[in-house]
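Whenever a hint applies, use it, and build me the whole structure from the sequences.
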Amino acid sequence: MILQAHTISSLVRDRLSIAGRTGSVHSVFGRALNVLCDDSPGPALYMSVHAPGAPMHPFAVLLRRHPGWADGPGFIGARVGERAVGGGEKIVLGEGRVTIELDRAQVWNPLLEPLGDVPRGAGPAAAILETLHEREINSPFLRPARCGGGVESALTLRCGRIRRDLAAAWRLGDTGKACRAMQSAVGLGSGLTPSGDDFLVGFLGAAHMFAFGGGTELGVRRGLCIRRSMTTLPSYFMLRGAVSGFLPEPLSDLLRAVAVDDPRRVRNSAGRLAGLGATSGQDMLAGVLCYLEAARAARETE
Amino acid sequence: MKKILIEKSAYLDSVSLMRVSKKAGEAAGIESAMVAMATDTNMLLLKEAGFDPAGAAGATPNDLIIALHAADGAAMEGALALIRREIQGGTSQPEDAEYAPGTLDAAFRARPDVNMVFISVPGRFAAAEAERALIAGRHVMIFSDNVPVEDEVRLKALGRVNGLLVMGPDCGTAIVNGVGLGFANAVPRGKVGIVSASGTGAQEVSSVLARMGVGVSQLIGTGGRDVSAAVGGVTTVMGLKALADDPGTEVIVVISKIPDEAVGHDVLDLARQSGKPCAIWFAGQGAMPGDENLRFAGTLADTARLAAAAATGSEFAPPSAECVSALLAGTGAAVPAGRKFVRGLFGGGTLGQEAVFLLRPCLGTINTNMKLPGTSLLADPAVSEGHTIVDLGDDAFTRGRAHPMIDQSYKLARLAREFEDPGTAVILMDVVLGHGCNRDPGGEIAETVRALRQKHGAKGAPVVVVGLCGTYEDPQGYARQMQEMESAGAVVAETNELACMVVARLAGE
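Protein chains in written order, with our numbering: chain A, 189 to 490; chain B, 494 to 1002.
Calculated directly from the structure, the hints in this document are not laboratory data.
Which chain B residues face chain A? A few, computed with CB under 7 Å, are given here:
{"id": "1", "residue": "L510"}
{"id": "2", "residue": "M511"}
{"id": "3", "residue": "S514"}
{"id": "4", "residue": "S525"}
{"id": "5", "residue": "M527"}
{"id": "6", "residue": "A529"}
{"id": "7", "residue": "T534"}
{"id": "8", "residue": "L538"}
{"id": "9", "residue": "E541"}
{"id": "10", "residue": "A542"}
{"id": "11", "residue": "P554"}
{"id": "12", "residue": "T596"}
{"id": "13", "residue": "D598"}
{"id": "14", "residue": "R602"}
Partial selection, computed: residues in chain B whose CB lies under 10 Å from chain A:
{"id": "15", "residue": "A526"}
{"id": "16", "residue": "D533"}
{"id": "17", "residue": "A603"}
{"id": "18", "residue": "R617"}
{"id": "19", "residue": "E624"}
{"id": "20", "residue": "R647"}
Beta carbons: idealized from backbone N, C-alpha and C, even for Gly.
This is the structure in structure tokens:
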């Protein structure tokens, strides 16, 4: 079967320029499959191949709709562990059983251009909270901490603690402590991209947009150590991207809306983000909120 | 008891993981459950929650951990079996399963080719969903009512800027490229394009056209408020322009409740500029002489007849007094002595308005819950006074229950009450067929009328007159509906206009 890519992340395209990247299919879902090519020289090539829609991963390859799909790709029998070869203008799975052609795909750059200054008012945070107010809250970073034992209780207590510690450290400009708080969120919670990782992507994205570009960025890059063994593979690459400002498209969209301090646009973008995944979108929103609250508190302290 | 298990190299997408976790947590005898990836942080978390991490020794972040706190062994086994079933079945759907996305974004991801969104959610959420759809570049039909006018103005401005149609809020009917949306009748495709600020008005016109063998190219609903000064006719204007440019549309119909004067002028100017024959019905305006390519109808049915005449080259033939005589012949319908009031019960607001305007010359003062010129506003819409025509689709009647075109329970109760009122001479009703409407409205009315006539005796009972709106292809069966109501003793007219003519004749007697 030959499939056409509609959109390809510039991160993937650049890594594919090295021909003959080999690896394997890492995981397969109804609407996405993940491929890891790290058997060959060069930086590890990770690809999150998705059905049509918004690019949700900085290493995304989005497919064009195929006439053979009834309701979605179903991923056409791709199997975990089968060989994948990427290079030049195509990705070949399972010894040629599935070929994904890339030559006509448009290139999407997941890098968010930083603004360098956070909006001064409380409007964007209020607009995000307003959006969340209308929804069932699934993110453990947004649910109130519950006492009384059990996994849920331990999870919400821990998430609350991370959020508080990170906000306090950021407010005080203590990058080392902030990195330790971030580190404790890696791999935390349920989900293929665990809640803690999504929360960090939101926080790092906001930090990239509004604060990075100088010493703070360097401090975070040095202080935040994320290894592949700490979380799931899709999440690891997502976090790696976020540290450098490569973000899922709906998160970039929200941060751009926050930057222009337009509450209506923020509400729309936050609503779009909040609907993503089981908790991923809400976890990212929690990260953005945490950053906005910390940055505002820091300014008030000044 | 607490237990951790590992499923090696098992993946579920986040939504499935959440679902499995939730189901396990709700299983009998389970106090706490977590199904997550075996990251170090999650192992620490489980330790904090009192689980023994030794049970997960050797697990990597690529493995799934199942942590259960159960009341006893049986509960543990039950929950584990449930989780394994979910994990095995969770990643794939049966091939014939219909995918039902939970959010608009999910729907857009699943079907990026879709270019129109139909919104039917409680009013306070409708604007946000519509805005999301517009930002995503989709046309919108908002079936929901109770959307603030400020939101309507904002959404329509957004749509206009982006060349996207916003049909509604409170848009009950549309037919786009042959697909009926909301309450829509089974009409053939054809040359007549309709722009309508009235749902049942559009249904009446498209149904009459269909019964005359004339099809509809597009039916664009705008929502009743579109022609108000606040909204400025944005969708009506866009719809008219679209029909003017559409090569498949040869004749244009414009239907509207009473429009704002300036908006009405704009609409007429645009219709004139289209150069295509246009049949216009503005509620309460009455028939007027034609003007260039514009023809003004006095009734909804005449609007359809004018459009059909333009589309087929046939003659315009409105119903005559003989039609009324023919309809009444053999029914035995007569107003009993001492009864003198007409009571109109309408599910379709525009049909109710049309009845008010058609009957006002013969009845004089009409009490109604519709704010219409020359009428008297009912103190309590639930209580009739003198000649009364009520719109049962009004918010006052639909709180907590579906629209009367779907749920006739109040309409039937009111029918019984009016029937038993010694002042009632004639009860006028509408019955609207089509997709989305009640499955057997005529049957329900027939049953009620039959029971009432049995209880009170046919002689001396008020006459029930029904205007039946629908097509021969509608799912309820036009002929069957008519036959059921006639067999119960009702007089059934094929249009609201004809039903009003019958009422006027009976009231005159």
